[in-house]
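Protein chains: 2
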Amino acid sequence: MKIIKVSDEKLSLRRTIESGTEKQQQAVKTIIEQVKALGDQAVLSYTKQFDGAELTSLKVTQDEIENAYEQLDDELISIIREAAKNIYNFHEKQKRNSWIDFDENGTMLGQKITPLDCVGVYVPGGTAAYPSSVLMNVMPAKVAGVQRIALTSPPNEKGELSPGVLVAANEAGVTEVYKAGGAQAIAALAYGTETITPVDKIVGPGNIYVALAKRAVFGLVDIDMIAGPSEIVILADDSARANEVAADLLSQAEHDPMATSILVTTSIVVAENVQREVKRQLQSLPRKNIAALSIEQYGKIYVTETMEQAVRIVNELAPEHLEILTEHPEECLAKIKHAGAIFLGRYSSEPVGDYFAGPNHVLPTNGTARFSSPLNVDDFVKKSSIISYSKEAFLANAEKITKLARYEGLEAHARAVESRLK
Amino acid sequence: MKIIKVSDEKLSLRRTIESGTEKQQQAVKTIIEQVKALGDQAVLSYTKQFDGAELTSLKVTQDEIENAYEQLDDELISIIREAAKNIYNFHEKQKRNSWIDFDENGTMLGQKITPLDCVGVYVPGGTAAYPSSVLMNVMPAKVAGVQRIALTSPPNEKGELSPGVLVAANEAGVTEVYKAGGAQAIAALAYGTETITPVDKIVGPGNIYVALAKRAVFGLVDIDMIAGPSEIVILADDSARANEVAADLLSQAEHDPMATSILVTTSIVVAENVQREVKRQLQSLPRKNIAALSIEQYGKIYVTETMEQAVRIVNELAPEHLEILTEHPEECLAKIKHAGAIFLGRYSSEPVGDYFAGPNHVLPTNGTARFSSPLNVDDFVKKSSIISYSKEAFLANAEKITKLARYEGLEAHARAVESRLK
Numbered sequence: 156m157k158i159i160k161v162s163d164e165k166l167s168l169r170r171t172i173e174s175g176t177e178k179q180q181q182a183v184k185t186i187i188e189q190v191k192a193l194g195d196q197a198v199l200s201y202t203k204q205f206d207g208a209e210l211t212s213l214k215v216t217q218d219e220i221e222n223a224y225e226q227l228d229d230e231l232i233s234i235i236r237e238a239a240k241n242i243y244n245f246h247e248k249q250k251r252n253s254w255i256d257f258d259e260n261g262t263m264l265g266q267k268i269t270p271l272d273c274v275g276v277y278v279p280g281g282t283a284a285y286p287s288s289v290l291m292n293v294m295p296a297k298v299a300g301v302q303r304i305a306l307t308s309p310p311n312e313k314g315e316l317s318p319g320v321l322v323a324a325n326e327a328g329v330t331e332v333y334k335a336g337g338a339q340a341i342a343a344l345a346y347g348t349e350t351i352t353p354v355d356k357i358v359g360p361g362n363i364y365v366a367l368a369k370r371a372v373f374g375l376v377d378i379d380m381i382a383g384p385s386e387i388v389i390l391a392d393d394s395a396r397a398n399e400v401a402a403d404l405l406s407q408a409e410h411d412p413m414a415t416s417i418l419v420t421t422s423i424v425v426a427e428n429v430q431r432e433v434k435r436q437l438q439s440l441p442r443k444n445i446a447a448l449s450i451e452q453y454g455k456i457y458v459t460e461t462m463e464q465a466v467r468i469v470n471e472l473a474p475e476h477l478e479i480l481t482e483h484p485e486e487c488l489a490k491i492k493h494a495g496a497i498f499l500g501r502y503s504s505e506p507v508g509d510y511f512a513g514p515n516h517v518l519p520t521n522g523t524a525r526f527s528s529p530l531n532v533d534d535f536v537k538k539s540s541i542i543s544y545s546k547e548a549f550l551a552n553a554e555k556i557t558k559l560a561r562y563e564g565l566e567a568h569a570r571a572v573e574s575r576l577k
Numbered sequence: 156m157k158i159i160k161v162s163d164e165k166l167s168l169r170r171t172i173e174s175g176t177e178k179q180q181q182a183v184k185t186i187i188e189q190v191k192a193l194g195d196q197a198v199l200s201y202t203k204q205f206d207g208a209e210l211t212s213l214k215v216t217q218d219e220i221e222n223a224y225e226q227l228d229d230e231l232i233s234i235i236r237e238a239a240k241n242i243y244n245f246h247e248k249q250k251r252n253s254w255i256d257f258d259e260n261g262t263m264l265g266q267k268i269t270p271l272d273c274v275g276v277y278v279p280g281g282t283a284a285y286p287s288s289v290l291m292n293v294m295p296a297k298v299a300g301v302q303r304i305a306l307t308s309p310p311n312e313k314g315e316l317s318p319g320v321l322v323a324a325n326e327a328g329v330t331e332v333y334k335a336g337g338a339q340a341i342a343a344l345a346y347g348t349e350t351i352t353p354v355d356k357i358v359g360p361g362n363i364y365v366a367l368a369k370r371a372v373f374g375l376v377d378i379d380m381i382a383g384p385s386e387i388v389i390l391a392d393d394s395a396r397a398n399e400v401a402a403d404l405l406s407q408a409e410h411d412p413m414a415t416s417i418l419v420t421t422s423i424v425v426a427e428n429v430q431r432e433v434k435r436q437l438q439s440l441p442r443k444n445i446a447a448l449s450i451e452q453y454g455k456i457y458v459t460e461t462m463e464q465a466v467r468i469v470n471e472l473a474p475e476h477l478e479i480l481t482e483h484p485e486e487c488l489a490k491i492k493h494a495g496a497i498f499l500g501r502y503s504s505e506p507v508g509d510y511f512a513g514p515n516h517v518l519p520t521n522g523t524a525r526f527s528s529p530l531n532v533d534d535f536v537k538k539s540s541i542i543s544y545s546k547e548a549f550l551a552n553a554e555k556i557t558k559l560a561r562y563e564g565l566e567a568h569a570r571a572v573e574s575r576l577k
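Residue numbers (my numbering), protein chains in the order written: chain A, 156 to 577; chain B, 156 to 577.
A couple of the hints might just be wrong.
Note that the list lumps identical chains together, so a pair holds whenever it fits in one copy or between two copies.
[Claimed, not checked] Lysine to aspartate or glutamate pairs mimicking DMTMM-like chemistry, simulated, CA-CA at most 20 Å apart:
id : residue 1 : residue 2
1  : LYS248    : ASP533
2  : LYS443    : ASP256
3  : LYS184    : GLU247
4  : LYS546    : ASP229
5  : LYS555    : GLU326
6  : LYS434    : GLU451
7  : LYS250    : GLU566
8  : LYS157    : GLU427
9  : LYS250    : ASP533
10 : LYS434    : ASP411
11 : LYS240    : GLU547
12 : LYS558    : GLU427
If you're looking for bench data, these hints aren't it; they were derived computationally from the structure. No experiment lies behind these values; they were computed from the predicted model shown.
For reference, chain A alone in the conformation it holds in the complex (with noise of 0.2 Å):
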């Protein structure tokens, strides 16, 4: 890792829009038309196709999530049942209730909160099958109200999914499983075939495809923000402990080898240190590869005179990750402005918060923590707002509102009002 002595250069993990290759897109635009052509047959042909499995249905039965069970150890299953526990527990202090405000003249004005009423929740294949993902994308929705779940998953070539991933749907309640991954799996959920009813918005992190596919359906559906890399920043003072700052900064590295995970200090020693134990310790990884790749294209160390400074940067930054490893975290924490999660002191390493603690571990990317949220219970629920105008506030303001219509030139509306007072 590069040792940076900040100079006052504007730092930005903000890239570019992922928007993939002419062909990419293309691929996708001809997947979505003819899912919504051909329903079902389309979305199996296309799971022979690119995952090699040759289904007959995409609906997961209940044998297969029994079977489940089966091939995972009950240690793994109570582990998996406290996370969810932790996450519902987080996620409902999220809640909100629908609220009326009182005039004395009679008016009520209000906001009606009601939950979505399906929802589709995509889980990524293969090597990243992760029951922790399962329950972070779908817990707040089961928090929310949303009776409808739907969560799909490309299959193996056998035509299976991961035991994992099914235990967590089932314990996270999910109400339906399909085994459909990539663009054709985004454009069922969205337009619906013979068996995918569809909803009303969809979740869950994917490959190229299945964000070119989620980017090409907004609108119609809701999605949730299209997801990068991952990244992690570690701010921290000479309390810090190298071989503790080295590890978190590993665990966000093997994730992926556009990773980033940068350190932000206000000591030289911890820097040094932190660049020594970083190497020794990605010698032993199992995903060092990924790692290396990751550490060297991204990985920085930032060192600050001033934890003014150091501050700012994270602010620039605007991590998705923030672990503060500072003397006193508490301290930073008011001047922290973007940042996705920020974790406190050493015993919040990033890994706390991405299986068991509660929050969520879906977190805006790629400096977009300027402007979102961690998926959470709003993301599942919609206002309405609500309208009683009194007779009384009618008549006081109704020629206020004639006159605003009218200079906007919209007569029908004075006069809509005006019916009223014939």
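Assemble the complex: chain A is given as a structure, and chain B must be docked to it using the hints.
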């Protein structure tokens, strides 16, 4: 308007995603590339080409704003101020606190709420220059605490913006105003130019070029939903007055030939009287041609046998605006699942909400009320999770976390946790 006795057909306002023609898409792509490459120069050149205005600077001066005040009558200014105050007051009730939750073992989990740094508001020009729209888009950002609010709108041939827009912008607390429209304005807000510092989110309605440009920059910045044509559904029983119902339907129809006005009623008498009234009132409207086209193409009256059927239709349509004109409108409220704004009773005619009551008039269109909300304060803040795990909680759960990490094949995650156990 056609009267339809309701069958069991599945109704939907959901049309297709507005994706423009190939030519429009290409034009937008080119414009964005040019603005990225050439900045102000490209924006100025497109402004000459599309708006016919030769500008030397994009920025509206303080003089121009003061001049706008002189062009509006004082009464109108004071109405704009009162509307702004009402909108501010309603949206203030949407504000949420950051929160933190304490566990007895010392763990603290929470959610920090932070306003976005900077937001861009697009305001259409020409005949559709609406001060009310400025207030509705800007006030929630103001309430949220956004420091920089940049408004942009296409100038007329003389290089001027509408005085109503300028006054509303100033009253709402916009911090900078630019003369730029179309895709070039969206590109300038997203990528920045010499004059315009890039923003984090872009809101506001626009034509197809604006919509395509917003879709193209989505991800680099956040955007609000892409607005479609406006719609109203009125739910009425035999207590509704036909002339008021008709006037409200027409106030929607005058917006746009693509606007949709639908009456759902349990009363055939009301249905027939409204049909007659719409025809009659239409004759004398200044925007008669637009409204007639809208009514002819999209206007419908559904007559149902029961109120339950009527409510089911409303939920299937998921309208942007819903007026409930029944004897006891509150009784239906619990059953309405999908609607952008719900207007209760005859004194809550839609224009009351469009202009004055306080709730936002930027609402989900085209059936997207199934999953989208009125523009609100949440759209201008983001959340960050806070995770402060205690030593006690960490030691109690470390093994579970490492087991999950290893099941997912993420060894470095497990080792990050274990580095704290040494």
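Against the structure, the hints come out as follows:
For a Cα distance limit of 20 Å, the shortest separation of LYS248 from ASP533 qualifies both inside one copy, at 11 Å, and across copies, at 16 Å. When the C-alpha separation of LYS443 and ASP256 is checked against a cutoff of 20 Å, the pair qualifies neither within a copy, at 58 Å, nor between copies, at 38 Å. Taking the shortest Cα distances, LYS184 and GLU247 never come within 20 Å of each other, neither inside one copy (38 Å) nor across copies (43 Å). Taking the closest pair of Cα atoms, LYS546 and ASP229 never come within 20 Å of each other, the shortest separation being 64 Å inside a single copy and 27 Å across copies.
Taking the shortest Cα distances, LYS555 and GLU326 sit within 20 Å of each other only across copies (17 Å), while inside one copy they are farther apart (56 Å). Proximity of LYS434 and GLU451 under a CA criterion of 20 Å is satisfied intra-copy only: 11 Å inside one chain copy versus 72 Å between copies. Proximity of LYS250 and GLU566 under a CA criterion of 20 Å is satisfied in neither setting, with 42 Å inside one chain copy and 35 Å between copies. Proximity of LYS157 and GLU427 under a CA criterion of 20 Å is satisfied intra-copy only: 10 Å inside one chain copy versus 77 Å between copies.
Within a single copy, LYS250 and ASP533 get their C-alpha atoms as close as 8 Å, and across copies as close as 14 Å, so both meet the 20 Å cut-off. Taking identical chains as interchangeable, the C-alpha atoms of LYS434 and ASP411 lie at most 20 Å apart only when both belong to the same chain, with a minimum of 17 Å there against 64 Å between chains. With identical chains, the CA atoms of LYS240 and GLU547 are at most 20 Å apart between copies only, with a shortest distance of 19 Å across copies and 50 Å within one. Within a single copy, LYS558 and GLU427 get their C-alpha atoms no closer than 69 Å, and across copies no closer than 31 Å, so neither meets the 20 Å cut-off.
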